[in-house]
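Novice: One letter stands for each residue in the lines below.
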Amino acid sequence: DAGVIQSPRHEVTEMGQEVTLRCKPISGHNSLFWYRQTMMRGLELLIYFNNNVPIDDSGMPEDRFSAKMPNASFSTLKIQPSEPRDSAVYFCASSRTASGYNEQFFGPGTRLTVL
Amino acid sequence: AQSVTQLDSHVSVSEGTPVLLRCNYSSSYSPSLFWYVQHPNKGLQLLLKYTSAATLVKGINGFEAEFKKSETSFHLTKPSAHMSDAAEYFCVLAGGADGLTFGKGTHLIIQP
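Chains A and B, in that order, are what the protein sequence lines are. For the first sequence, the numbering used here gives the first residue as 1, with consecutive numbering after it. For the second sequence, the numbering used here gives the first residue as 1, with consecutive numbering after it.
Quick caveat, the hints were computed from the structure, so don't treat them as lab data. Keep in mind it's a predicted model, so treat the numbers as computed, not measured. Where a beta carbon is used, it is the ideal one built from N, C-alpha and C, also for glycine. Errors might be hidden in some of the hints.
[Said to hold, decoys possible] Looking from chain A toward chain B, a few residues come up when the C-beta cut is under 7 Å (computed):
hint, residue
1, GLY42
2, LEU43
3, GLU103
4, PRO108
5, GLY109
My request is simple: use the sequences and hints to build the entire structure.
Specialist: Structure representation (structure tokens):
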């Protein structure tokens, strides 16, 4: 298996622009997680899906952030409009189930820089 | 609520000497515990996991961790550090409805 795939790996954009990050989970995994990592705040869970349904989006910072999972093999995280404080590394992870007892497999991340 | 405390934000050891990364947890449930490693500009990779079987868990790259319920600890060790071990290490607690709870990470520095 190729593991969790994220694209793009790097994104540089200007403030106010729309940014879309993409994730393909491991085949057969039913749960997908979006995280944000910064030096100041560490690793933060933004949202997670179970069987394509958003279960907990309490970590999404504000309405500028939205996430979708139209099918079991694809998810997007969108920021519109983007702001410099959104600059971070965004990770996608998947696991077999949403049970907290299952390990998660992480993608390589997307490094977002908003100028 | 559950929590994870990694007691050291940075640990520096010489190559060939033992590594000890400390982690304490708090949970109302019987926990599962993981250690993940993150190399620079990479995603997180699972090193090892404890899920209520043997209390001494062996992982990849020579790392192991011991679950001690009486001390609520899950410290990560390695007998002999390699330069390639330099990375960020996260202790992670799983259990109940809270999903995964990540520690703040320990930055491991290996001195030549």
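Novice: Mind listing which of the numbered hints don't hold for this structure, in increasing order?
Specialist: none
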